[in-house]
Amino acid sequence: MKLECKNISKRYGSVVALNNADLTIESGEIRGLVGGNGSGKSTLSKILSGAAVLDEGEILIDNFPYKANSPREGKEKGIVMTAQELSLLRNLSVSYNINLCFLDEILGKSRFINKDYAEQRAIELLEMLNIKHILEMNINDISTNEQYLVEFAKALIQKPKILIVDEITSALYKNDVEIVKNVLFKLRDEGIIIIYISHRLNEIFEICDNVTVLRNGNTVGTFDVSNIDENELISYMSGREIKDVLVSEHLDEGSTPVILDTKDVPLNVHNKDTSVRLRVREKEFVGIAGLEGQGQKDFLRSLFAIDKPITLEYKGEVVTLNGPRDAVKNKFAFISGDREVEGTFKERSIAENAVAVSDLVLNSKIQEVDDLLKNSGVKYSNAKDLIISLSGGNQQKVVISRWTATKPNIILADDPTKGIDIQARRDVHETMRNMLESGSSVIMISSDDEELVETSKMMPMSRVVVFYEGTIVATLYGEDISLENISATSSGKY
Amino acid sequence: MKSKLINFIRWPAFVSLVLLVSLLIINQILSPGYLNKAYITNFLGSNGPLIMSSIGLSIVLISGGMDISVDGIMSLINVVYITLSESGMQTILILVICILVGLFCGIINGLFVGYLRITPILTTFATSSLFSGIALWIMPSPRGSVPKGLLNWYYSWLGGFGAPILFLLIIVIGWFIIRKSKLGIMLYAVGANKENSYLSGINVYRVQFISYVLAALFYTISAISMTTYFSGGDATVASALTMKAITACVIGGVLLSGGVGDGIGAAFGATSLGLAITTVLAIVKNAFFQDFASGVLMLIAVIGCTLLNRYIANKFSKKGVVINAEKD
Chain H
750 MKLECKNISK RYGSVVALNN ADLTIESGEI RGLVGGNGSG KSTLSKILSG
800 AAVLDEGEIL IDNFPYKANS PREGKEKGIV MTAQELSLLR NLSVSYNINL
850 CFLDEILGKS RFINKDYAEQ RAIELLEMLN IKHILEMNIN DISTNEQYLV
900 EFAKALIQKP KILIVDEITS ALYKNDVEIV KNVLFKLRDE GIIIIYISHR
950 LNEIFEICDN VTVLRNGNTV GTFDVSNIDE NELISYMSGR EIKDVLVSEH
1000 LDEGSTPVIL DTKDVPLNVH NKDTSVRLRV REKEFVGIAG LEGQGQKDFL
1050 RSLFAIDKPI TLEYKGEVVT LNGPRDAVKN KFAFISGDRE VEGTFKERSI
1100 AENAVAVSDL VLNSKIQEVD DLLKNSGVKY SNAKDLIISL SGGNQQKVVI
1150 SRWTATKPNI ILADDPTKGI DIQARRDVHE TMRNMLESGS SVIMISSDDE
1200 ELVETSKMMP MSRVVVFYEG TIVATLYGED ISLENISATS SGKY
Chain P
483 MKSKLINFIR WPAFVSLVLL VSLLIINQIL SPGYLNKAYI TNFLGSNGPL
533 IMSSIGLSIV LISGGMDISV DGIMSLINVV YITLSESGMQ TILILVICIL
583 VGLFCGIING LFVGYLRITP ILTTFATSSL FSGIALWIMP SPRGSVPKGL
633 LNWYYSWLGG FGAPILFLLI IVIGWFIIRK SKLGIMLYAV GANKENSYLS
683 GINVYRVQFI SYVLAALFYT ISAISMTTYF SGGDATVASA LTMKAITACV
733 IGGVLLSGGV GDGIGAAFGA TSLGLAITTV LAIVKNAFFQ DFASGVLMLI
783 AVIGCTLLNR YIANKFSKKG VVINAEKD
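Here the protein sequences come in this chain order: H and P.
Read in the working numbering, the first sequence has 851 at position 102, and its numbers run on one by one without any break.
Read in the working numbering, the second sequence has 501 at position 19, and its numbers run on one by one without any break.
Keep in mind the hints are simulated off the structure, nothing from the lab.
Think of the CB as a built atom: it goes at the ideal place given N, C-alpha and C, for glycine as much as any other residue.
Keep in mind that the hints are not guaranteed to be accurate.
As the list claims (entries may be wrong) - Straight-line distance between alpha carbons at most 35 Å, and here's what the computed DSBU-like set of lysine-lysine pairs gives:
#, chain 1, residue 1, chain 2, residue 2
1, P, Lys676, H, Lys751
2, P, Lys664, H, Lys826
3, H, Lys935, P, Lys664
Unchecked claim - Computed Cβ-Cβ distance ranges for the label pairs, DEER-style:
#, chain 1, residue 1, chain 2, residue 2, range
4, H, Ser859, P, Ile488, 25 to 31 Å
5, P, Thr601, H, Asp865, 39 to 45 Å
6, P, Leu648, H, Asn931, 56 to 62 Å
7, P, Leu781, H, Lys930, 32 to 38 Å
Start from the sequences and build out the full structure, keeping to the hints where you can.
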């Protein structure tokens, strides 16, 4: 069997997820698929499995055109994907979950569900994966690694011709990974095409035969794993030549006093409990780098007490924040990159959006709304217009002006420039620098490594910390803040 | 054995079953020997429709929807039934037409909510006014009766127990058929997580559509039973039934957020609501206080059952024993 993807393009609104990507795989191969944030590997696998529909390009299976408009169609044509976010139903038993995709298979003669037969089908797979004891349990009652194995079993039972395995091993224990690996080898030998996605490069080298690198929605190339080493692979992923991580000895950590000590913030990334502690100085810019889902978002959101209270050392005192309201009162600001959901109040005016926090939480009236907006570089005609009349970038600037109005000490920014145009981006960075100079400290996550390098250069005092699997694996200062170093450390090389 | 007991306690209907049994006992203490033939036939006749429509509603709620057109559909069936029987139509034909009208109502709800993805509560609020509006249009004031033969059968078959129990049995068997079929699993799946159901190859829109149609079919059967019992047409006969049915479902352990519950629990909940009225009547003699007292009792039932269900869900979860505990 042969799978060919030619010139696949896919856009989500203004964001280009895939741009003329190619992929050709033949039976009897495990193909690794790697790439940094926004490289398009998830989008490509969604298109193959039917969870997304391509805009342009064509897919051929054994020279016949293939197209799936829904996951159901994909499955019927033999392409199955395990979901990184798990596609399991928490209220159903393990055996029903495993059989869910083709319920017709477990109907008895009477057309009723045959529970025994469903369990019998499931148990063979569970035995193979060494988790037989969970058969009668609900998904809610089993641990995370077991859930990922069930997700894997749910894919296997469909007898796929092409199996896409998306980041399944991050949540597994070592011996689970061995089991999964052996199952994949067996399937490969049976002639099944396997696409294996993982951010753990050592696993790519261990499990895959060849590896395809994607970058910014485009295919960089396909390499035999025996002819390439980790540095070369990371170089292809980042588009920069990477040798070994070069970190010069850096002693100048800044002289301003520490304003915030987060203490150990507990995180749970891929089923592993970790903790991260960060000490932030006054007027310091801390960039957070890392592949998506390494715990950086949870860390930042914890600092704003979004889900549960947090105790920190702040301005030399131990402070407990019981929720975002407390955080705001203590002069914290939180800028979310998810503008639609966490940023704007859509049915409200620009002015109301800009003064929302000052007005409603801090009870301090802002007189000069126009000045406030202009300082953030918002382009608008009338502040009484609805915020949705503005472009995405301008909307985000309004959201940022909402926080500059509160004169915050700590600005927490979660990928604040996601999906906005380059000019708006620059304005946002400019505003941040002004805030730094007037005394705020900034902690900013960015999924774009280049942005971190650029902004760090702009700021008077800056540092980039790199998250990997729930811990900070590298701290970069000054000249060390480079694309090469960020890419290498994000891939777990440190 | 122990795990069977835990499974029974974890059954969403368990708490409402406890409530039902407690009410039976309390009523027995308050008015000994109340559970006589007259009480039972009367109870089944007057509370049967609520029990049946609650089971119907639970189908929609479990699949993550909401249906507040229960009373609209039932009122419409009521007047259609009576109007047709006034015209002297054959009984079997009347029943067939009633069922077709009910299915039509369900299809309208299902199309709007399932395929056009309009907010369920608004859609069914609007269609409810539509259906009861048509009912009032057909029959501006209460009148009419059901065919004599049917009436006699209802009140005398198997000592008066037969007919109401038969209707109830049809509904309960219907529920079990759904529960045990492919659709049953899909209803629970869609109710718990639409996105993941879609990724698992389930046609989410179709499942939602079917849930509204089946629920409407259940309301229709319930309305036929109700109309035969009352033997009269009244476009406002079923008003207040929707909220009662939702309450019965909640007491019965059905989560309004979807994915959790059992139609049998809804039936227990509805029965408890009926029994609670008997309790109130036994305690509170002053008619002006009875509404207040039953309100208090209902509030206690809703809060108590919800909290107990939540407690059980936390307390009795069977945490998997991690055997591959070696962390890397």
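We went through each hint and held it up to the structure:
{"no.": "1", "hint": "P:Lys676 <-> H:Lys751", "result": "holds, 33 Å"}
{"no.": "2", "hint": "P:Lys664 <-> H:Lys826", "result": "holds, 22 Å"}
{"no.": "3", "hint": "H:Lys935 <-> P:Lys664", "result": "holds, 32 Å"}
{"no.": "4", "hint": "H:Ser859 <-> P:Ile488: 25 to 31 Å", "result": "holds, 29 Å"}
{"no.": "5", "hint": "P:Thr601 <-> H:Asp865: 39 to 45 Å", "result": "holds, 41 Å"}
{"no.": "6", "hint": "P:Leu648 <-> H:Asn931: 56 to 62 Å", "result": "holds, 58 Å"}
{"no.": "7", "hint": "P:Leu781 <-> H:Lys930: 32 to 38 Å", "result": "violated, 57 Å"}
Hint 7 alone, counting from the list given before, is not met by this structure.
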